[in-house]
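Trainee: In case you want the letters, here they are:
Protein chains: 2
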Amino acid sequence: MTIRQVIVQELPKGELTPAHFALGETETPVPGHGEVLLRTILMSIDAANRSWMQGATYREAVNAGDAMPTYAICEVVESKSTRLKAGDIVAAEATWSDMVVCPARQCQKLPPVRPLSHLLSAYGIAGKTAFHGLIGVGRPVPGETVLVSAAAGSVGGYVGQIAKAIGCRAVGIAGGPEKCDWVKAEMGFDDCLDYRDPGFFKALRAACPDGVDVYFDNVGGEILEKVLFQMNERGRIVCCGAISQYDSTAPTGPRNLPGMVVVKRLRMEGFIVMDFAHEDAKAIRAMQNWVTEGKVRVFEDVVVGLENAPQALIGLLNGDNRGKRMVRVAPDPE
Amino acid sequence: MTIRQVIVQELPKGELTPAHFALGETETPVPGHGEVLLRTILMSIDAANRSWMQGATYREAVNAGDAMPTYAICEVVESKSTRLKAGDIVAAEATWSDMVVCPARQCQKLPPVRPLSHLLSAYGIAGKTAFHGLIGVGRPVPGETVLVSAAAGSVGGYVGQIAKAIGCRAVGIAGGPEKCDWVKAEMGFDDCLDYRDPGFFKALRAACPDGVDVYFDNVGGEILEKVLFQMNERGRIVCCGAISQYDSTAPTGPRNLPGMVVVKRLRMEGFIVMDFAHEDAKAIRAMQNWVTEGKVRVFEDVVVGLENAPQALIGLLNGDNRGKRMVRVAPDPE
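Taken in order, these protein sequences are the chains called A and B. Take the first sequence: its letter number 270 is residue 270 in the working numbering, and every next letter is one higher. Take the second sequence: its letter number 281 is residue 281 in the working numbering, and every next letter is one higher.
Same shape as in the complex, but just chain A (with noise of 0.2 Å):
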């Protein structure tokens, strides 16, 4: 019996392209002892996968001819060791593949919340991403302004939903007039603005009128060096990603560091969520607390069909996606 995989053809040196990509078929994997075979349900679709195509960041570099990686949640189909049985539900480090082999000890089982897809939004990595780096790097304080790019992203939506919840003013930044429109009437920002517009700086300014305290930071570049401008002193800038960089041959630094970090005493700290692990708890019970309470709502983007997870990932990179992205390779089990 075979399988359909998503193989990278070639790394990509500028954009990514689906050129970079080929859909094939192989063997379906036999687990060896302590593994198990899963079935792939659900893949989640970062813009940190692009970065993976760049070189060895915090976890291996992904070469020409490796299938894709991929956080997904999978479903226990063989198990060859006792962690684990036919029908758990985990996470795992899995590939763009209908089917894989992991060793069981690197799976994670998953309680049993449906739909899944929430455990890939706001109970998983992009609901716990925001959590963490909001609550834990950036520790904004009531009444403070909390300024996020990728507004409508998958962790920047929550970021600013958090930032609400807890009493800061929200302003987000994402890219033309009808996602701005959305971020602030679906998510409830008190204001979000398109760094497209010319007039972006001055627009900042004036949705900013106290400066800003936290800056939850996805993008780097650009909009950075700008938001550096008006930063407040002892302001905290929650590294979280610069996919402004990621797709680029060319980077540029924002020209003002580490000028800014130094006039202002700025504190800049990068994390990744697994930094926080031993928060997870935590953040999970905040975040079923306000979406229960209705203060954090959950928007996921779902694509449909392992051969359409190229184009998922180019178009995230394009800004194409409202909330979470993923791809639905099976559909939940019962």
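Since the hints were derived computationally from the structure, they do not count as laboratory data. All residues carry an ideal CB built from backbone N, CA and C; glycine is no exception. Incorrect hints may have been included.
[What the hints assert, rightly or not] Cβ pair distances, simulated, as ranges:
#, chain 1, residue 1, chain 2, residue 2, range
1, B, A277, A, P111, 46 to 52 Å
2, A, G211, B, L110, 32 to 38 Å
3, A, P142, B, A185, 51 to 57 Å
4, B, E178, A, A64, 44 to 50 Å
5, B, Q311, A, E178, 56 to 62 Å
6, A, V304, B, R139, 20 to 26 Å
7, B, T57, A, P142, 37 to 43 Å
8, B, K80, A, P142, 53 to 59 Å
[As the list claims (entries may be wrong)] Mimicking DSBU-like on lysine-lysine, the simulated pairs with C-alpha atoms at most 35 Å apart in a straight line are:
#, chain 1, residue 1, chain 2, residue 2
9, B, K226, A, K226
10, A, K184, B, K264
11, B, K109, A, K282
12, A, K202, A, K184
13, B, K109, A, K264
14, A, K295, B, K226
15, A, K264, A, K226
Take the given structure of chain A and dock chain B to it, following the hints.
Mentor: Frame of chain A, contents of chain B only:
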């Protein structure tokens, strides 16, 4: 009676030159109620002086026609305040002048330390900046590697010596082989690298075989860009200055920021010495102990004569100092 004064004749747009200053004479100022007349003894010459000419920072911008501001050690000549009396030695925000008038409440009375120059070096801004930045912001633990740029400068020399005193590996960066040799031989750094050497990057890797845990950055720019690649995960960058950028019309930012901050989960944090004023007594006590024990040596670079202040600053920006630079305007009182 008149006094001498150095005026900023024109604000620099690029490189600072003697033509930006003019030495003139003016009437001796007269203190009003609550004010004191001060005789300038020693003026602190700092890279930050140049940044004040670029616009408002943590203090008001300098404008053309102003007497050049400076942090100085002065003797009270005449007092119209009950806070101070003639003969008191104070630190004050003065100007490049033989005498200035200041509100008494803005003068800080200094302890009876001789020579007074030590109050600008080991027990003054330089020593305190090194101590607070390294200990308070960088927070190294014994066995970690501390890297510091401008290692032959006033602050950098103390950073490395303090790092050694607390059990860290101390590596410096300086301009030119003579300076590097001086840093190693006189200040006892484990190693010191010449950033002008084409093999700088390779030498940096060799000098920091376990990576860099704390980078005390006085320069920003390209050196910061290179150092970022050598930082360990969870490393800390103490942002103390960006001397490479002050004397420039077209600042450039490290191209790997904020990308490296995200990937390596770095913390970059700016500070100025005044932020830690509540810890000054602790800093000075520690420095005095280390100086007494011979673990920290005091290096001072004294230029004599008010009229030489412009060249003292220009030279500093070109890196011609060894240790804390200051200008002596008058001798220490008995």
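Trainee: All the hints need checking, so say for each whether the structure fits it.
Mentor: Hint check results:
A hinted range of 46 to 52 Å holds for the C-beta pair A277/B and P111/A, which are about 50 Å apart. Remark: the range hint 32 to 38 Å for G211/A to L110/B is upheld by a beta-carbon distance near 36 Å. Checked against the given bound of 51 to 57 Å, the beta carbons of P142/A and A185/B, roughly 55 Å apart, stay inside it. For the hinted restraint 44 to 50 Å between E178/B and A64/A, the CB-CB distance of approximately 49 Å keeps it satisfied.
Between Q311/B and E178/A the beta carbons are some 59 Å apart, a value that agrees with the proposed interval 56 to 62 Å. A beta carbon spacing of about 49 Å between V304/A and R139/B contradicts the range 20 to 26 Å that was offered as a hint. Restraint check, T57/B to P142/A: a C-beta distance of roughly 29 Å breaks the suggested window 37 to 43 Å. K80/B and P142/A have their C-beta atoms about 46 Å apart, which leaves the hinted 53 to 59 Å range violated.
Our distance criterion of 35 Å between C-alpha atoms is met by K226/B and K226/A, whose separation comes to about 24 Å. Between K184/A and K264/B the CA atoms are separated by roughly 33 Å; this keeps the pair inside 35 Å, and the hint holds. Under the criterion of a C-alpha separation no larger than 35 Å, the hint pairing K109/B with K282/A is inconsistent with the structure, at around 51 Å. Taken as a hint, the K202/A and K184/A pair is honoured in the structure, with Cα atoms around 19 Å apart against an allowance of 35 Å.
With a C-alpha separation of about 28 Å, the suggested pairing of K109/B with K264/A holds against the 35 Å cut-off. As the CA atoms of K295/A and K226/B are separated by approximately 44 Å, the hinted pair breaks the 35 Å bound. Annotation: proposed proximity of K264/A to K226/A holds, straight-line Cα distance about 14 Å (limit 35 Å).
Checked against the numbered hints above, the structure breaks hints 6, 7, 8, 11 and 14 and satisfies the rest.
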